[in-house]
Amino acid sequence: MNPFTDSVLLALQLIAHADAELLRVVGLSLRVSIVACAIGGVIGVLLGTWLAATRVVFRPVAVWVVNTLLALPSVVVGLIVYLLLSRTGPLGSLGILFTPKAMIIAQSLLVIPLFAALSRRLLLDGLTEGGDQLRSMGASPLQSALLMLVHERLGLLTITLTAFGRAISEVGSVMVVGGNIEGFTRVMTTAIALETSKGDLPLALALGIVLLGVVGFVNVLIGWIHGRTASAREAFA
Amino acid sequence: MLNPAAIPLISLARATVQFDDVTALDHVDLTLNKGERLMLVGANGSGKTTLLRLLHGLVPCKGERTMFPLAPRGRQPVTAMLFQRPFLLSLTARWNVLPALWLHGVRNKAERERRCHEALRRVGLDHLANRPARSLSGGQQQRLALARAWAVEPDVLLLDEPTANLDPNAKREVEALVEEIARAGVTIVISTHNLGQAKRLGTRVAYLEAGRIVVDLPAGRFFEERLPREAELFLKGELPWT
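Going line by line, the protein sequences match chains A and B. The first sequence begins at 10 in the numbering used here and counts up by one. The second sequence begins at -6 in the numbering used here and counts up by one.
To be clear, the hints were calculated from the coordinates, so they are not data collected in a lab. Owing to the predicted nature of the structure, the values given are computational and were not obtained by experimental measurement. Incorrect hints may have been included.
What the hints assert, rightly or not - Here's a subset of chain B near chain A, in silico, CB distances under 8 Å, partners left out:
#, residue
1, 74
2, 76
3, 80
4, 93
Unchecked claim - Computed list of chain A residues with no C-beta within reach of chain B, every gap over 12 Å:
#, residue
5, 27
6, 51
7, 56
8, 59
9, 63
10, 76
11, 92
12, 99
13, 104
14, 108
15, 188
16, 206
17, 209
18, 220
19, 227
Every residue gets a Cβ at the ideal spot worked out from N, C-alpha and C, and that includes glycine.
This is chain B alone, in the form it adopts within the complex (with noise of 0.2 Å):
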């Protein structure tokens, strides 16, 4: 049922997305609103990371793609991604900052300073911003590419597997720092194996299958009720190898 208090972020319909004779994402419906913890499930190939991307705006689909403009000013809600292997550039950690800053359209020198040293002092790695960001361990390099999500201020942040190369007390710190950006206020969409992060992260989990949605129900719900077959399976790891 829909929440008459939620505010819709993005939304899609009959949402396609082919790769050649690929169907990547068929003829998806998700509105995404604001606040939520949408958490993406599903086997590899389901469709997850294309979806990720269409809510961004990275690939163009048959269908709508549909961005709400934010009440009072009516701007555009701003958009940011964090990969599974995030890309850093051969510079130092603040260098690898300040170009998303400068590319989001903060020209004022001293603001991009200013929140470039919040969002490295947020993730913890202000002593290490004039070190060169591939130096940086696994999860360090992970949390880097997170502030630099963070600082331009997203109003949805999309996180694809952002724990899936991590140990488990880096998994722990980025799952800690995805709790505390959404608790300010941030809309967050996961897409993850971990079917664990998923109950302890989302309010709303989606399972996806050969580019469709399946099931989409609030996270308690979805855990508790009787799912069709295919989701079943999943949750007990016993989807058949296709």
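Next up, chain A with everything else stripped away, as it sits in the complex (with noise of 0.2 Å):
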């Protein structure tokens, strides 16, 4: 057999057995991203519904920023919570540079954008739809927006899920914020980068087996939800 081949049964051997060094590094990355999908969900959903509601002479500025912020690559916000976080920062006194909170704080901003600016859609289209309907009951612009955020509770679980797949399948940001450290602040996309540059083929495959696995396992419950939501909406229409 090559070493190719070698290498995925190695790695499949580390599945079956439950490695410890596998499970410490997929447990940490579970944590880091549901953690940072919380918070950035909570205050991306609250900006996005704002965004939807609001009718600021600003908010078209703030809609661009948010959409521009979609493509920010992960790197560069590693980078930006580095400069707050380390030691000549301005948060340099918290102490939590390399550390799993650093992490967290560095994906709940990459996810933030995504959250807002899916959100903010969901409720348009939405609001179109039933807008004029729930104002002629007496909500307001607000009130109008969370009521849709109820009534559109399935499509803000696909983007929670989306959210979800970009936190864990980055790379950048928590290899610059989190240092890589075994056993510490380790995930499955750093572990995966320096495995593989160490030639440490079956662990990194390994890694990459499990990431393929949650990413495919979360694309299987979005496309369910998809069904879900479309099948109600033939049904109802």
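Each of the two chains sits in its own frame; use the hints to bring them together as a complex.
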């Protein structure tokens, strides 16, 4: 057998035997990304709701900024957070650089524009359909947007899963602010980058398979939710 | 001739509504009196829906829209509207009525539940209170929207072609509910293409064309007297396609 096949087999063995290092890395990845999505989701959805409801004069500028930040490279986010949290930075006294907390902050900042932009679009589409009728019930623009959030909760779940997929598969920001410290800040993506550069393919492959599995599972969930939403819309049209 | 016993609720004077370069309502004068059942008839695009929305306060206008305070407490009349295709939240029937009550200022939870339950019972949906609203049939959804409007105890209920998409059975159910609401003292304004419905339900009929009220008569006179040519053609179903 060739080295590649050997590596794949070794990787599958690591997964099957629940290798301790593998589990530690996967566990930290999931914790960091889930917490980041929770924090980023609350901030991002509130921002998106406000953008959908408000009529302030600078709203077009705010929307443009949010949409532009969607394309922000993760390594740039890492750089910004690094500068904030470094010893000479404004938040250096917190002492959280190269810790999972810094990684959570970086990934939260990464997913906030995603939550804001997609939830705003979701709400605007909903408000086009039912905004008038909510207004006729006495709802203010913000109340209408909040009711629409409840109405479109399946769509919101899709956005959350999309943001989670983005967070868990990024490497730039967590590498910069986490430092990829073994047993402390090493997550799936940074471990893959390191193990590949060392030539230790089995662990890198194993992590890659798990990461693909997580992202794949998230995509299956998104597809299932889309299917449910589409069926519901057809049934009640 | 003005009925001296009429109590005005809402009046429009020279009301004009424009959307971009389209004049949806053109210098409309209308006074809606308490207890009336005003039927708005006219072709598609004649301004019926816009007039309903203006009466409800959903669109701005040039001219005047006046709401008259009700005796004895002097509060403003409460208006509620039922749209042709009601928008229902993806929640249960009960949770489509409760937010409407909260938005209308009913802050006491027990009172909200009582009025919600009562409104659903009146429209015959009490047994489906915990069913997802969007799983109800078309007629049931329309009745749910009616319950939502009725629950806030409106003085004026505006209905935009409430039976347009319903089968004959569902149509009869909704008409019966509208009759019941009117008997309870609520002033009704309905836009409809169904002239039989206008005859059955209305005490007053207004014919609209190109954003203007061309004819506005008590129902008995509307269907008996000679009307302007366009109104006659409309009644006969012979209005030319423009």
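Here is how each hint holds up against the structure:
no.	hint	verdict
1	74	5 Å, holds
2	76	6 Å, holds
3	80	3 Å, holds
4	93	5 Å, holds
5	27	40 Å, holds
6	51	22 Å, holds
7	56	23 Å, holds
8	59	19 Å, holds
9	63	19 Å, holds
10	76	27 Å, holds
11	92	44 Å, holds
12	99	43 Å, holds
13	104	46 Å, holds
14	108	41 Å, holds
15	188	45 Å, holds
16	206	49 Å, holds
17	209	49 Å, holds
18	220	34 Å, holds
19	227	23 Å, holds
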